[in-house]
Amino acid sequence: MLYIKCPYCGYRSQKEFAYGGDGTIKRPELNQNISDEKWDEFVYFRKSPRGKHIELWHHIAGCRQWFQVQRNTVTHEIFQTAKMGEDIK
Amino acid sequence: MTSISSLNFVHKLGKFGDYYEKKDHELLKVSEVNGLLIFQIAKYNKSKFDVSKINIDGLNLPSPLKSSSNLNTRILWFGPDNWLVFSNILDLLAKEKKQFKEENFAITDISNSRTIIELEGNLVNEVLKKGCPLDINNFKEGDCANSVYNGITITIDFISNKPNKVRILGLRSFGESLHHSITDACLEFGYKAI
Chain G
1 MLYIKCPYCG YRSQKEFAYG GDGTIKRPEL NQNISDEKWD EFVYFRKSPR GKHIELWHHI
61 AGCRQWFQVQ RNTVTHEIFQ TAKMGEDIK
Chain Y
1 MTSISSLNFV HKLGKFGDYY EKKDHELLKV SEVNGLLIFQ IAKYNKSKFD VSKINIDGLN
61 LPSPLKSSSN LNTRILWFGP DNWLVFSNIL DLLAKEKKQF KEENFAITDI SNSRTIIELE
121 GNLVNEVLKK GCPLDINNFK EGDCANSVYN GITITIDFIS NKPNKVRILG LRSFGESLHH
181 SITDACLEFG YKAI
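Residue numbers (our numbering), protein chains in the order written: chain G, 1 to 89; chain Y, 1 to 194.
Chain G extracted, bound-state conformation:
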């Protein structure tokens, strides 16, 4: 069981959160021509890193906000959490 620090509510049990996947994916710019391969990559392809990883979580049973979490996928240690748009060092 993870104990996750929501940037708005503080430390809460993992039971209150939903995992949202890789937090580094950038949506292609709007109104730009984009190849099918690039679009395919954006929609479907994800890395599966071993170690430090920035991911998104949703405090779905709390403040209902999305935020970023830097977590070690091996040890589950959480190094930092941040609001969307904030930098994770």
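No lab work stands behind these hints: they were computed from the structure.
Positions of the beta carbon are idealized from the N, C-alpha and C atoms, including for glycine.
Be aware that one or more of the hints could be misleading.
[To be verified] Label-pair distances were calculated between CB atoms; the ranges are:
1. G/Phe45 x Y/Lys129: 37 to 47 angstroms
2. G/Val74 x Y/Gly35: 48 to 58 angstroms
3. G/Glu77 x Y/Lys95: 44 to 54 angstroms
4. Y/Glu21 x G/Ile88: 36 to 46 angstroms
5. G/Tyr19 x Y/Tyr44: 24 to 34 angstroms
[As the list claims (entries may be wrong)] Straight-line Cα separation of at most 16 angstroms, EDC-like style, residue types lysine to aspartate or glutamate; simulated pairs:
6. Y/Lys15 x Y/Asp143
7. Y/Lys12 x Y/Glu32
8. G/Lys15 x Y/Asp135
9. G/Lys15 x G/Glu29
10. G/Lys5 x Y/Asp135
11. Y/Lys98 x Y/Asp109
12. G/Lys83 x Y/Asp81
13. Y/Lys162 x Y/Glu120
14. Y/Lys15 x Y/Glu120
Knowing the structure of chain G, use the given hints to seat chain Y on it.
Relative to chain G, chain Y alone:
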């Protein structure tokens, strides 16, 4: 819109569980709170409006994880730029609506979409701990928190410490399950449904 409570056929009055040889003040008290006006205030992200100017029934909008209250009205923090207002004054929204300009706020009347169960007694925290992952002992009067109870999304409003009293709010559609979960957790201690 129906005004029949979701617990209308579920919440039976009387004493239940291990209430034998216990005095009334030793028992948990479980009641349903209904007939309130409930509305949600959501400030738009792009809005620069200063919410400290808002005054509802003499109350300001509370800071994160806090509530503000008077005899008739309670306001709970529900998330960033998001609050829930509960009031006995059924025309409060009509009276206060002019403070909320459409370009800054979304106001939604959700009076019929919540089930509220009130728990009172010395063992309230023990009942909460049975199904909720929050560190309950750290919460005190004037706090509020969203969480889960046996998997059901809830909001807990810590009304008072002496006597220990909380309100548990769930979505109406989960009301019956929530009531079952709460009363089931109360059986061990004995409870009086009022």
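Open item on the list: Can you confirm whether the C-alpha distance between Y/Lys12 and Y/Glu32 stays at or below 16 angstroms?
Closed with: 10 angstroms, holds
Hint consistency between G/Lys83 and Y/Asp81 [alpha-carbon to alpha-carbon, up to 16 angstroms]: 14 angstroms, holds
Is it true that the CA of G/Lys15 sits at most 16 angstroms from the CA of G/Glu29?
Not satisfied, since the Cα-Cα distance of roughly 35 angstroms exceeds 16 angstroms.
Between the beta carbons of Y/Glu21 and G/Ile88, is the distance compatible with 36 to 46 angstroms? 58 angstroms, violated
Please check whether G/Tyr19 and Y/Tyr44 have a Cβ separation lying inside 24 to 34 angstroms.
Holds: the Cβ-Cβ distance is about 28 angstroms, inside 24 to 34 angstroms.
Item to complete: For the pair supplied as a hint, Y/Lys15 and Y/Asp143, confirm whether the alpha-carbon distance does not exceed 16 angstroms.
Response: 29 angstroms, violated
Quickly compare the C-alpha distance for Y/Lys15 and Y/Glu120 to 16 angstroms and report which way the hint goes.
Status holds; Cα separation ~14 angstroms.
Does the beta carbon distance between G/Phe45 and Y/Lys129 stay inside 37 to 47 angstroms, or does it fall outside?
43 angstroms, holds
field: Agreement of Y/Lys98 and Y/Asp109 with the hint, judged by alpha carbon distance not exceeding 16 angstroms
entry: 15 angstroms, holds
- Could you check the hint for me, namely that G/Glu77 and Y/Lys95 are 44 to 54 angstroms apart, CB to CB? 52 angstroms, holds
**Asked** Is the straight-line distance between the alpha-carbon of G/Lys5 and that of Y/Asp135 16 angstroms or less?
**Response** 14 angstroms, holds
Are the Cα positions of Y/Lys162 and Y/Glu120 separated by 16 angstroms at most? Measuring from Cα to Cα gives roughly 10 angstroms; hence the hint holds.
In terms of the numbered hints stated before, the structure departs from hints 4, 6, 9, listed from lowest to highest.
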